[in-house]
Amino acid sequence: MINTLKQFDANQINELMIQSTGVDYHRFEYEGIGFDYEALMSSSGYTLEDVSKIQSGFNVGSTPLIELKNITEYARKFSRKDFGARIFLKDEAQNLSGSFKARRAAMSIHEAKRRGFKGVIAATSGNYGAAVAAMAAREGLRCIIIQEAFDSNMMAQPEILEKARACEAYGAEVIQVSVGPELFQVLLNLIDITGYFNATLYSPYGIMGIETIGSEIAHQTKEIAGKYPDIVLVTHAGGGNLTGTARGLKKSGATHTQVIGASVNLTGLHMASDKDFNLKSFTTGHTGFGIPFATNPDRSDVPRSAARPLRYMDDYFLTSQGSVFFITEALAVLEGLERGPAGNTALTVAFKLAQERPKDDIIVVQESEYTGAGKHHQSQLSFARNNGIELLLSSSLEEIPGKNIVLPSSAAHLDVIRKDLKELRSSYLKKFKNMTLSKQDITYLANELNTTIEEISKMLREVNDEIKT
Amino acid sequence: MTYVQIIKTLLKADHRTAKLPNDTKACDFKMLVKGEVIAINQDSTTISTQTGRIENGKIYVENPTYHHNFGEFVPELIDIRNIILSEMWRQDD
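Line by line, the protein sequences are chains F and R.
Okay, so the first sequence: first residue is 105 according to the numbering used here, each after it adds one.
Okay, so the second sequence: first residue is -15 according to the numbering used here, each after it adds one.
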């Protein structure tokens, strides 16, 4: 029973992590600020082939890659002559439990079972909960899912209620808590009480599970189109989706494919605010996770996150809630695919980027997710209106998160915003302001931010100057 | 068998020490969980959850079910549906 929330210090947390994940994070720490990321990733001993085999044992993965010919044609109506890249969709909704998260869950559950745990636990309000619950059901493991679910008026997001229902349908215990970062304390307390496996999204298992998406995309695109994709677009939140996909692409030879992140712009809404909690229509795939998890990946529920998006992100675009709803509708009425909406964030950006790319280019959108009661865009729009959000038809750039949702009044009025990666890199570096860094630290930062040692030194000087003035 | 959802306060507002915006800081941190009633005490109910854990709290809902749905009719969705279909197929109509 949880009566009062016990507090744990850093050493106790590391101990709990060793017990509950089998990963001793201290082992990978360098002196100074860094750690050995590749050693952490390979510590499980699984190869890409092993991962693929484990997933297929769960009937997960090997999803179809669908060419969205009508969506492509629609985008071409707004492109210059000979422009309008071909858009493909990796239909991850066809995984058990309805999303790509099944791939991550399969690895965690496999590991939990192999290590002899009686149960698993995960803190998630998203599709990952249903994925963990479904995979745990197949292995006869007990399962607890903890959701940040309701505000002080006891009002829950319909999408989160649907995820809770799905988790319970697979036999899991669902614990729902009110808004706040104490969710992490609840997780630690329950790990301590139950001794269950911590199926965190941010362990090496959680990330290597996604590498197969990148690998399948590389092979499938080559087979269909005779070349690797020019762009793979990834809906970006906690960073695992982008990290895993990029690693899988590289491991499978698609080394020149650009990996581009896409998030829904929720700038202005505070993620820990009770008042703002139900003013948003997306519970994931948005900037409230996307930006902080890029600029500070170790803010997750493990000491060192295996999701490190700035190592792999080649570009980053923001879209709006209304634009994603528009594309969700287009996907249904033009392609006969009822999916999303949150999983269609990358597709929304793809629709715009395709217009600026030559006809022969290939853009792969690497996920879709199931939809239904609570998740459907009509549920979301209706919920938003009942919470005082104004619904408008106009230009997508007029959307103000928390005030209105603007549905584009034409596909011509669906726009995206490029987020400068340099800004994210500088923001990442701010926590090292005025610190004396060793050569090893600087090399680590260059790897973390996918840039050169010279560039890191220059950016650090700028960060330090900015602080002084 | 009586199946219920219980509510309990894990942290009173003035015991919340995490870095929080003021609106959240003013609220108690609560939790909901479902299970089978095993004892009714004077001011709380004891349940056994789906994983067999024992929890204690006030009954929030008896016989809990699901009420989330497809929301109310949103006419703007019909508007964008028609925009998409006409821009795609019926520009010459």
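Simulated from the structure, these hints should not be mistaken for laboratory data.
Predicted model only: the values in this text are computed from it and were never measured.
Using N, Cα and C, we set each Cβ at its ideal position, and we do this for glycine too.
Just so you know, not all the hints are guaranteed correct.
Said to hold, decoys possible - Simulated crosslink set (PhoX-like; lysine-lysine; CA at most 25 Å straight-line):
| hint | chain 1 | residue 1 | chain 2 | residue 2 |
| --- | --- | --- | --- | --- |
| 1 | R | K3 | F | K173 |
| 2 | F | K537 | R | K14 |
| 3 | F | K379 | R | K(-4) |
| 4 | R | K14 | F | K217 |
| 5 | R | K14 | R | K42 |
| 6 | R | K9 | F | K379 |
| 7 | R | K3 | F | K534 |
| 8 | F | K110 | R | K(-4) |
| 9 | R | K14 | F | K379 |
| 10 | F | K507 | R | K42 |
| 11 | R | K(-4) | F | K185 |
| 12 | F | K157 | F | K354 |
| 13 | F | K535 | R | K14 |
| 14 | R | K42 | F | K110 |
| 15 | F | K534 | R | K(-8) |
| 16 | F | K110 | R | K3 |
| 17 | R | K(-4) | F | K535 |
| 18 | R | K(-8) | R | K14 |
| 19 | F | K157 | F | K185 |
What the hints assert, rightly or not - Which chain R residues stay away from chain F? Per the calculated CB distances, all over 10 Å, these:
| hint | residue |
| --- | --- |
| 20 | V21 |
| 21 | I24 |
| 22 | D27 |
Unchecked claim - With beta-carbon atoms standing in for the labels, derived distance ranges:
| hint | chain 1 | residue 1 | chain 2 | residue 2 | range |
| --- | --- | --- | --- | --- | --- |
| 23 | R | E20 | F | R403 | 50 to 56 Å |
| 24 | F | K222 | R | N53 | 34 to 40 Å |
| 25 | F | N163 | R | L69 | 41 to 47 Å |
| 26 | R | K(-4) | F | E494 | 34 to 40 Å |
| 27 | R | H51 | F | H323 | 18 to 24 Å |
| 28 | F | G330 | R | H51 | 46 to 52 Å |
| 29 | R | H51 | F | M539 | 31 to 37 Å |
| 30 | R | L69 | F | R219 | 49 to 55 Å |
| 31 | R | T(-14) | F | R219 | 53 to 59 Å |
| 32 | F | R489 | R | K(-4) | 30 to 36 Å |
| 33 | R | I24 | F | K222 | 45 to 51 Å |
| 34 | F | D140 | R | V21 | 49 to 55 Å |
Violated hints - listed by number, lowest first: Hint check: 1, 2, 4, 10, 11, 13, 15, 17, 19, 23, 25, 27, 29, 31 and 33 fail, others pass.
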